[in-house]
Amino acid sequence: MLQFGEFLDRLRDSFGILAGRAQDDDAVRTCNLAGAQWTSTCSIAEEDLRLNVEALRAAVLETGYGREYADGQTVIVSTPESESVR
Amino acid sequence: MNLHDLVADLLSGEVGDLNAAGELGVIVEVPQLRADSAVPALKSIIDGGADLRLAFLLEGGELAGQAAGLADDIFDVSVERAEKWRNERGLEATIVVVAAGDEARLSSLRDFVPVTPATLKRRLAARAKARFGEVNEVQAGWWDVLGSDTLISLTQLADYFLALDGKPQLDVVDQATQELPRIGLLPDPELLNSRKQIPRRLAANRDVLQRLQTLSDTDRKLIQNNIGKEVDPAARAELQAGFRRVQQLRRGKATPALGEAQRLLGLRKTEGGSSTSRSRKPKIPTVAETAATAVVDGNDDALEAVLDDLEVQLEELDESSLKPVRLGLSAPADEGESAQEIQVQARTDLVNLMARLTGADAFGGHVRGNGDGVEEIIRRFAGDADVRHVWTLDLVREMLEVSAVPGVVELRERLTAYVAAREALLPKLRALAVAPLLVAGAPATRAQLLDLVARYQDLLAAVDANFQTLMDEFGGDVDSFVGDILKLDVVLLETDGRTMALLTPLHPLYVWHFAEFCRIVDEQRERLSERDHSLIKDVAAEDLPNFLSSVSLPAITGPSASVLPFVGRIGPVPYFASMSERSGSPDGVATAERLLRAYLDVFPPAAEGLRLTVLDAPDPSPYLLMLTDMAQDGLISGAHLLALRHPRRKVGTDLGLDADEEERVAQCFRATSDARRFTFEIADVPEHRMLPAEVPSAHVLIAIDQTEGTPRRLRELDQPLQPLVSARRLRYRPVGHRVELEAAHGGPFASYYRVAQRIGSSLGANDWDRHQGETLVKRLRDGSRHAHWFVLADRRIDRDLDLDLLRIFTGRDGDRDVVAFARYADPFRRALREVASQYNVAIDDYQLDALLDELTQLLDAGVLWLRTSRDGAVDHNAVKGVLGTLIASRWWRDTTPNGHRRLVISLDDSAARKWLHLADDPRRADLLGLDYGPDGLQVAAIEVKAVEAANAEYHVKDGRISGDAVGQVLSTRALLLDVFGLGPGADLVTSPARRELVRANAFRELSKGRYEADERKLWVEVLEAALAVDPPADAAATVDVTAHLVDVRIGANPATLPPAVTALAEDNVPVVVTVLNEREVDELRPPTPPTVEPENDDTPPAGPPDVGPPGPAPPCDPATAVQPEATAPDVAATAARDDEDPVPASATVGRPVAHLGTAEAAYGEHEQIDFDPEKPDEELPNAHLDHRRDRQRQDTGHESDSP
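Heads up: the sequence lines are chains A and B, in that order. In terms of the working numbering, the first sequence opens at residue 3 and continues consecutively. In terms of the working numbering, the second sequence opens at residue 189 and continues consecutively.
Note that these hints are calculated values from the structure, not bench results. Beta carbons: idealized from backbone N, C-alpha and C, even for Gly. Be aware that one or more of the hints could be misleading.
Covered stretches of chain A, as calculated for chain B (at least 3 residues, CB under 8 Å) [to be verified]: (1) 21-29; (2) 67-79.
Rough simulated footprint, nothing fancy, chain A against chain B, three-plus residues with beta-carbon under 8 Å [claimed, not checked]: (3) 192-202; (4) 333-341.
Next up, chain B with everything else stripped away, as it sits in the complex:
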């Protein structure tokens, strides 16, 4: 049965019923009717006894009538005949007029009973209900709904019915939901799960379908976002297939299911729990993270399988691909658990280059390539055509073969051992170029790597030891010999007179820290604390540092040997360059993102169209991704990224995005959207300028690697190395009175440089000497004018770099320092002012700026804590925390005993928080107080509490102290004991890293402008002696580590501050508790009210404190601060000095005054306010009047404090 037959059948049933009911006439207007089916159907009821007169006005009626054998007296094809029948007296038959609806004169028959598609639809639904209702009640209910649903046409319903009719009952249950597209709905297997939910699901179905059919730009973007956010590859593939169906749906070729469509539109969570909500894309663990975790947890055996998997995939890589490829691997899983997916990004171009130049008899080589930078040369590497030489050991072997001198024989043996160790690792070459930590994590290959490093070190030691023998044997050829040894596993890239070098993945100094890390963690696993376990995992999962500060090469591209200092990394592989060039690494991007997010908090309107300018980014793609992420997080609704570059030969830009990332970025940045909210532009900058002349203003301008450097020779040092953080040394340079932090070498690195120096004294360790000189500072100042916030990311940024802007952030991210400056201090000022206003002080912008400036001097990231939230709210606790830190640091410096020197180092940077396990909470600051005196160095771990609830954090009773804050300060003290070689964990893998952290923070502190040359020199000596791994016997510093708790109670009356006490904590460790109020900070001191002086007294009245420009900190106020060494009774004896207390306004006067009332004075006390008729101009002791007066004084240029 087809549609027309079914409709005809329904019609005949309807007409039969109406005839039986004695109706005079029926007018049928059903477009689905065809004469060839309708006429025979009606004939059949006539044959069945119904008395009908049939006027069939539709096309083909006449023929059909004849074919059906209907006589003329009961069948006709005109309206007129129907009218005649109607007017025929005594006719009892029912007149049936089947019409299209627009025939002339049909209106005269409008009193007949109409039969419309709706009538037949109801009839069909009833029929279907009777038929399918037997299956279950839901089916019956479903057909009720269908019968009355005006949005479903008769054609659709008939089609749907026909699809189900004749099917077995069980099939009908399934098919009823599968065939929904026939009635204009999406398939929805859950539709008929319960009768109750049918209307709701039906409505949802129509909504979704309508959205898909329209598929607005917003919805398309939303769908693509949701696909991008899905991390489960299977679920993502499903969504992508669903999206294809959505696109085909619009062409009528396929139909996605309702659930699928809802997932695409983010209306429903994807199965398996992964969310497609607007949350940030969850991170898939990287192979490095997995390897680090497995090694730290002692589960490293499981890495073998992962490594095998990786090797297989690397073998199958498409060599022609120029884009990085993301490989998915299965993480090691416990039995019975399903394996989680982990990812690694493989740079096919790098792997190919390395594979071509590394083999059993290929030890790197010389490539002359085309391209502007190392990235481009690698990407454009054209195979053998670009290779000038492949290094071999032919010469070395030849020389070693011809002599039987013992030294030479020893060398030969060591070379053979090294070559053998290297050959064993050749199959792992590709894996080492992609995931070195995984290779080192797998126990079998780790042993091979360690063996390679040991054999290499043996070889270098033998070259060094037998150098004289070699000289005697081979004379001048020995330089070539050593040169060939230095060239081992180095790839030299040459372009346009520039030379760059990469280590091959088999270079022992490349694999050293991965293998060493795994070895040492394996060895110390049991001794490391749980917290250190997770710390080490995190550190190793990021990039382990590169220790090779430079490579030394014999004369290859030029007439003389050369040293190429470290520049950055390509994938995991370090590269070196002959000239200071911009590092290709993305270091600093993560911090930049953090700053951008902070910027949006401070200036919320920027979210509508964030203007970000990036100057000389090695690759703008991380910024595109960053903006995409922020858009997906709902932080921004538009952005313009302007990537500025200094001249390069190539016009275009290659974005280092893999296919997935490209798709995500395209969702925001594609050019075809109607309202382009996200745009990306690349522009060139003339070489002599920092920015183009007409550069548009930006909200945030990020400048990268603007500082040129000069290679600098490093002192020869040989010290034990550990793999987590590269070792450095503080050094005072008399020229310029600068403090430097230099790389320090040891182990195989020291051997390497010693050998290098054999052929050229200048070939020892080098690194880059970088400082922001005057010219650059001027350029940076000019450049920074074009943005609200100016961010500089450079290999090294002077801590005292001053751009006449508010420095709001100082930090380090990978191999780059990142510093942010704000043009407008208002948002930060506002937070300070709001908090200060609670303390009965009147503080003006000038003072606030001075305070901010001091905070930026003290804190690295701290000033960012002062920012307001997006809704303009100020986090009072955070501001108090920052002020508390300032108060505590001033207190520490200002209470320096005679003959001592003091230094305070803030530990608020992320590295310090991470390594010292400090809470990331602005209310709990941590300082390192150093006190150097005749007895040696005292290192105080200072925990500052600045929020009222400090009592809840520590508790002193009967000379014992306990509480959270105590636990924190004890933990920091214990770690510091290890750092200074006094604790039991001094030899753990984490201690040298913490030592470097203290060194780096001390370096940043000493680089600040406030230190004099002699101070810098002294502290460098003291700190280096204290931090030395094996301090010389005559070491100047004996070190003592103490614990201090400083409780800052802003606004507390000095009289209520308890004296300092020393109490014993766990293990009888003494903890000094000092309570301070805000008196260390002039700006926050309550103004002292002016007093009414006795008549004829020449002494000027006591005025408010000087509110002129802040200079160096005033001397310490002993009323509120005590020496940490002081005991409690001593402190009590030195309690508040009288002259510091607020002076009552009602000084004794011998004449009548008018008593006005009492007013709030400092610290909640009251004072009497009088008006003296003799002194009508005398100001009343009102803080805000004082403030106004101060402003007036400033405006008129009078800075003196005479009232």
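So that you can see chain A by itself, here it is in the shape it has in the complex:
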């Protein structure tokens, strides 16, 4: 089980995938996962990136690989919800 944030960290560290969290902004803006200026800055819509994170979270929940708790936390699981119930 992973916290959704941890899951996004894994995505970033293992695959270089940025979902668009606030902490991704630097990397997106500088086109560099390390955050330092690599190329010219590019235009990004931060609000859109956040929507992206939200959409990913919704998708994970929908596919059953995530559970949402009352405190707003989302946990990623390796067994889909439906199977674990069975």
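Given chain A, work out where chain B should sit, using these hints.
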């Protein structure tokens, strides 16, 4: 203030406002916030009276809170405390939760007012608008745009704001566009020029930036193309710098401006008007063009400065460079005008070699070099190590010193004068090796050059005149003496038993034609017409011809003296070789390009991947450049160039490209592109084969210099020379019944050969005798099977060379003949068929091929006019023009009066069009009709019009004729009068050139297979007598030049053709106008319908004309053609013969027939169609049924025309 402070400040302002508005809670998720700046900022509003409860969940919150001195009751770092505050009854303070966004239990606070980066961005924009909006309205509008632009982040905007904040107003105006990279845009000084265009420019900026950041292969190529196409060196340098910035942009190190990026991508024209669109690279004038123009325009004084400039640059050349170097010079400009740039290509290797072997006491030398050909030896020239001897005049001087005999004294004086004249030119050596016409164009050096030539000629004349004296004085040593004179300023290159020779730039026979050209143009400038001015400029700007057909040398490398015939040029310098070797010159490349472009018209799919094979090209680089140009013009999107070479020692290849050209070629041909659309391959061919066994098929195969030659001695001739075109002579050779065109010498050249012959009778003028023998023809036939189009470029190609293919082009380009053959005649046939189908004729492929064949016999470039355009359209007018020429030429030949001989020469080649000022328009053909009879030679300038609108081109009224076509034929006649020595301009510099043109065209005509030996012999004699500069008193030919207009009206009813008339044009010059229709061409004659014959009549019915294989032209039909000499009434009397008119189908019959109706007959008339029940198998008079029947007859092998 830094970013975090600014964001904290914005936040505090926002929170203050929300508190004032009585909001219960605010949830702040702004990643730019830092505790150390945000907490004090919020504290400041608390201090200012705002009632807040602060839950700061970000890192460092606790410390910051303590540092700010915030009490625990209003400050905490947990979500739980914020929840408690929210649940605390009666609390009126605004709860501010500053979070990262992913904290647990934060969702319970989601009903608070969110403060996001977007909120703060809007706040910042408003603040900036208030601050910078004072500057001008555009600034205010700009910040409105920024505030609502979702593609700009708070960090970027804050950064941008901070860069401008605190700057003086004036600076802000400039900086606002300069600092655009801070918000992820390219600098764009024009962005804020007007408020209206801001959104559009912003969008364009993002598009361009995105392309640059991705920089696809296509875009990279496009940028390089655009740089390559820029001709202005300053603009090009700017673009190159821009491209460097683009490359750095991707590394975040530099940023090109928007305009610059747009220019690189071809989205915007470069400043100064030069275009970077996909047009062909505009040509920068060469130094030769500039020099020719200046000399012709009488502006030659200005060339002195250009020459000085060139000399300075040549002195500074990097001697180690093996590549040709392009030097930029400033063209002479009028006062107040900026000077245009001109260019010259300098071969450093050649200049170095010459400089080393030429000096006050160095007159050329003997170099033993390494390398396969002359190019390679020069390129690899290793300095003194390779030099075997440097020629000096020591022996000559020594001999001349020891004798006081008058002849020897005269020689000594002349030698001294020659050496002095030569020394005066030594400083110009390098310039002469690079731009001889420029040196000759500058008046001061021209005088020196002319002096050098005169002194050399004096010297040779003295050697010739005093030869006996020399023999008496020095005996056998005289051969060495003459040998040393012949070696003057010759560089002998020796490798592997082969000997080649170059003239040094100071050789008088090299500089002669440049100096002579400038002298004679200077002298005749006022008398030359405007059109001739531009013609001469063009001719001189290209290479002036080399007149020295061979160099004669004493025994140096071998036991005996030798003659080395001319092979080609290295730069401007001619070179000679002991064996027939392939010329290194690029002659023929321009024509090859023209043919390739024509090929793409005919076979458009080839544009996707044109396969070009070049066999034995001296240097494949012109073909690489050609393909690059075609790619840049959008003509092709891929190509494979296969360069085949017969064995040479070296494996690699040196491309003669300068750095600029190399860059352009690399754009297409580099190996690293993803989808390699352009490829280049070099392969060797076994010596005994023409092509490798497994050679892949090509669209176009160009074979170069395949014909071996043997040196041939030339007759001794001494005639006045002119510098534009080398003089030649027609000669009939009884062996093989051939006509030859031989070089003819005069002036210093004749003196040179006379001296040479003093030491060896075989040392006179020589040239190469080249013919395509049986073995070669077989090889060429085999080779041509591997391509759609086969192009042969050779020093000389027989006009009757037949490869069993359709000859579509015959021409000459520099020192090479170029002939093209097409494997498939369909595209040409189709054009002919389409046009023929309009004339009520049914014509099959067999007939079309025969017609095409005849056209190729008559016309040189004409058949190419028949090609379809790229979209498959046929240019009907062009086809009619070509057919009109054929009709007119058949008419001229077929109306030969008894006791006369006639010859018709087509003037459709580019040289004829150029020299005779003929329009390059297929609808207006020009022929030269020659008629030789008891009264002498009549030369008819024939202008053929073959398009319906001929009436608009000439107009006859009251015995006078006028119109455009008349002007053209009169102009041609006037030039021909000069050519045959009958006009006022016979002595102008252009007339001998035109004489040579007529001679060359006559040669090509007489070389065609159709002429018998006696005809060839006769015409050679007649023409040589007529073209002789000083005809002997008993000359056989008296020449008369007349003007003819032939109006060909294809499809016109013979009854409507007016009779021939002679009308007077300007200056009372008589012009004969003859109107013809297509009856000269069997294939185009309307079929005569079969008639229904009376019963029991044994006479076979009249059938359609014979459509069997075409043989020689049928006798002339007097119905449609008249003797040019005939007067109008005579013509009327011989009007259409009855038996040639279409016969009505309804012949009188004595039995009932069924009337079916009427049908279109020839020339728009109608005929009655009947069905005869007695003859149910009788065919109906339908042209297409006739056609079908003919086909059936051919298929069954019956060629007879009985129906």
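Status of the hints after comparison with the structure:
{"no.": "1", "hint": "21-29", "result": "holds (count 4)"}
{"no.": "2", "hint": "67-79", "result": "holds (count 3)"}
{"no.": "3", "hint": "192-202", "result": "violated (count 0)"}
{"no.": "4", "hint": "333-341", "result": "holds (count 4)"}
Of the numbered hints listed earlier, the single one contradicted by the structure is hint 3.
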